[in-house]
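Construct the entire structure; sequences and hints are all you get.
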Amino acid sequence: MQHVRKPAVIMLCLLLLTACWDRKEISDVNFIMGMGIDLIEDDTYRVTFQWAYPPQFSTEGAASSQEENTVFSIEADTIPLAMAKLTEISPRVPIFSHMELIALGEELLSKNAEDVINVIDREFEIRRTVNLVMVKGTAESMLRAETPFEKVEATGIKEIIQLSNRSSTFEKVNLNVFFNHETDPHSLSYIPIAELVSDTALHTTDSSESSWIKVERIAFLENYRLKRELSAREARAWLFVRGEVRDGTITQINTGNGKLVGRSIAQSTSKKLDKQKDQPSLTISVEEKVSIIDKPLAMSIVKMEEVLANSVKEQIEETIAKMQEENLDIFFIRSFIRHKDRKLWSEIKDEWEEVYPRLDFKVQVDIDIQHENALRNQIPE
Amino acid sequence: MKITYGQMTALIMLTLSVQIYVFAPSFMADHMGQHLWISLIISITISMLVGWGMLNLSLQFPDKSFTEVLKKVTGKYPGTLLSFLYSCYYFILFLIHTQIIVTMFRTLFLPRTPSLATLLLVLILALYCSFLGIEVLARASSMLLILLTSILLFLIVAVIPEVNLNHFQPLLPYSMEGFWSGTLIPFAHYGQVVVISSLLPFANKNEITKQPRIMAGIFFSLLITALIVIQNIGVFDPYELRRLRYPTVELNTLIRVGEFLERTEIFLVTLWAGAVMLVVGTFFTISWTLLKNTFHIKKSKRIRVAMMVIACTVILLFIPNSNALVSFIFDQWVYLSLLFHLGIPLTLGLCYTFRRKVRGHAAR
Amino acid sequence: MWRKRKRKRMKAAEHRFVSRFTTEDLSISRKAHTNLDLLTSNYLENTDDYISFLLNEKVGIVYIETIVDDRKVSRILDTLRNNADQGVAGLSFDYKTETNLKNIVQELTSGRLAIFVDQSSEAFIIDIQKRKERALEEPTAEASIKGPRLGFNESLKTNISLIRSRIFHHQLKVEKRQLGNISKTETALLYLEGVANNQIVKEVRKRLSRIEVDAVHSSHQLQAFIKDHSYSIVPLIGSTERPDKIAANIMEGKVAILVDGTPFVLYGPINIFSLLQAPDDYYDSMYLATLLRIIRIAALFVSLLLPATYIALTTFHHEMIPTDLALSIAAGRETIPFPALIETLFIEITFEFLREAGLRLPKAIGNTISIVGALVIGDAAVRAGFVSPLVIIIVSVTAISSFIIPNYSLGVSFRVLRFLFIFLAATFGFFGIVWGLLTLYLYLVSLRSFGYPYMAPHAPFIPAELRDTVFRFPLFKQNDLPAFIADRPALKKFRGKKNPGQKTEEEDRT
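Residue numbers (this note's numbering), protein chains in the order written: chain C, 8 to 388; chain D, 12 to 375; chain W, 3 to 512.
Hint data in this document are derived by calculation from the structure and do not stem from the laboratory.
Possibly wrong hints are sitting among the right ones.
[Claimed, not checked] Capping the alpha-carbon separation at 27 Å, the derived lysine-lysine pairs in DSS-like fashion look like this:
1) K312/D / K229/W
2) K309/D / K216/D
3) K229/W / K13/D
These numbers come from a predicted model, not from an experiment.
Structure representation (structure tokens):
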């Protein structure tokens, strides 16, 4: 055995001494945190990279926090080319494994984003958990804008999407979710929309200064192409139907004698498919647990539940009707039918365009008030 | 030195629980969509039957090496041939597993490292394993099995939040389309239970055999790997799964435990690689033992090194990258392995019953 | 070809072998003074501490004054002078007779006194050996908080008595044997008959008898001759200064080898987990013991892998580090001119310097060194932009954890292996680490200590014995002796009850 071990050891030593092929010192690495992709002309992309500047993150460097330019835009015919061109200006090797956000420009999505997204997908360094957003305007402007607290905007937007979302007008979408919907031939895909906040919201007088970013609403894509943006109200209705309304979401209703404000605690939805005389109908039952923050005087719990339920129901029905009119399957009814009733699906598969507008929807909303958070006494006037 | 039945079971379980979830899920999804669980169940059943048969057949000939068993059952020359074939079979398994680690690391983590370097490392380890012998490998296997199983269980549990149960619907298929090829794929992996008959001669005959326990252990690892394959469907829907080359690695990338444990795939994959390297060593050792028994080789060192050189050349020439490897496994090996997993075991079973009947008549 | 060359080398070595020189064989004469002359001229010339004289013309006395008890000598002389006619018979000492001068010389050099009487063809040998001996102290290398404070010293006799005073039983066997052709060092093999596996005892006996060296200076030298794998990196035979540990091991059916002149007693067979046990584990609660053992195993891995992991993470797998940490590491390394490998090696080697220096320095200067070391390594290197702060943390944690390993030799082995892992990680990242780990694991699994598997309860996996490896179950649960080692596992029965104060239901009823 000694005789074999000797050559083995020699070989190992040679291996170890000759090269460290994939070695990349961490200080020679450019951590790309976000990527924005815009289409400026036909077949020319403007790719904006944002990276992190390490000294900003060390305890010692924080004192001398000079503003460092960490955003760079490159125009190129393809994304890989743009990535390659980045190395022309970056003295450090860009790596994409820490990337947290991919922003896609409105222009790009309204043309066709298939090439772009497929390129992103093929890069193993870019994780499947990276967040996707669509940007109203250009993706570049967003990466050059600001988010409070965070030094890197891409991180800021990611945190907005993942951590603090309480307004419930969008759902976080990462590459994995996106592909699961996009590769399904009978499903639309969706991504949240990011916008620059108008100057009035910031109350800054100098409008040329950088503005802030917000994430709101949702956009639907079909075959990598923008199909429709939902309004905030529609998006909320959509989330109700999906059962994805986050806890903490505020609902406010103006009743005749004062405001009724509720905060969602938990929400769930179930769908049921019925078939009567070859006419499929869909029952959507929404359940929500709510705590009441503010209420009009002398309103019973039953009454409040009813008012809230009606409001939600109205929202949903309105949205469904609109989508049927536009023939947009944003509630993933097709895949739902495909999963539940193969036979029915094979019947209506080919004439979906005609079936969908005629589809019968029943919406049931059940609001359950868990408690009233009465911090203040109500004094009748 | 003999090994215990427990160690033998651990080694078999280890060899069974390293590979199927690497490439197979996407190909199975391609054939069967979300119904791949049916083919999993069927192939597990057949594999268990084959394993049970081989186990009992080998138990009929205690203290006989697999080569001798083959010779006893089928006759001298066919036995020698079969033994040589099985030696080749394990050699191919050894090549496949080696190349799986090498290409996976090359594609995913070490793109610039020449595959020769990693290949040499793996081959050296396999050679070292063969010098240590099955006994040491068997002793080491229980710990690695525990490690690997806990990784797999961790993966299963950690990714549960990402599972979408709708991807499994409709549960039952309406046609048998793609069913045959879909079942062949898992069976090409699970059929490796035939390794049982090559390992059994090493086991200590004085111990009481616990066949049900051995089979239960095997079933457990088949089940765990099958669960991972099924989970792949739950996380990626069948359409998406077809596009992925390394679905289970991608599954790893979805693990998120708090803010600090996000990107664990390299960690899990390397631990897995550790287990695979032991399996590689095991297959090489078995292949070598069979070859040695077939041709009664005495001097072994040089031949083993030569086998390594052959392995290195074959890998570099015929399956140099993951594309070649995948097309070899799923276009050729899937059918070829049927011979070793089903064809020869069935023949052996028939021969054995036939011989026993004849002997029974003669005795009368 | 190899074999031929080897044989040649062996022959050449035999010529150079010191102990091959021959001692003249002479039987004693009937005249006392002739014997004294023969001794002086043939064997003990140029030996100034050799005393020989004739007592009243008939009786000759010889001894070597530096290793005998002066008081006993004078007592012997007194008796002989007073009862001259009675001769040796009047002595209140135990004696034996010897006829060969060669043997007599041997006896003399081991601290005995020889009496030659005229007209007698025999010499009388009396053992009056006295050697300088260190007082019994607390073992420094293996301190214990709650355990006994006593440690072995350099005397074989004392050491055996320390063990005997812990096991008062006739089944405790002591087999003495002289080793070393010139040094003639006394060694003793101790074991508990009926518990210790006969095969192991036989095997150890065989291995001891095979040893042929000129001198045995320490037990560690012996270890190199009797361990199963001569080239093993890790210690395959335990060694300790604590009598309680040896006694406990003997009770478990292991064998102990004592060597005269060293306080370190060898014992075996061992497994790697026994090297991670400290005596305090058994003197404290099971919870603490289990926690400490887990910490020790963690420390073992840390001391082996931490620098390698650091290198793998920072130069290969950046994606695994959480983003914020990655950025702060990058910021710390911003001004460092060296790659992480060189940086780590530099600090590691500096630390090894310090450790060696600390060991050799007189105690008074030791503190100075530690201050200088702390200042030089800790602060100045970072400020000078030589290394990054994180590396300092990594190396110091590694150093601390390597001191947690109770067995010094095991710690040293892992220190050596650490450098190997650093290089593997720098070439292949995690792949290299796992490759190395698997190779190391297989290697350890293949090792044996006196035929007993080195990774015993883990590989081969013996679940029942895990009670005293990583975990320490309460003593009444550890009923069985380890498999393979002990002959009669039933011996170790604790007739203890789980909660001795608590009445069972039946007792309650009555």
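Where does the structure disagree with the numbered hints, that is, which hint numbers, in rising order?
none
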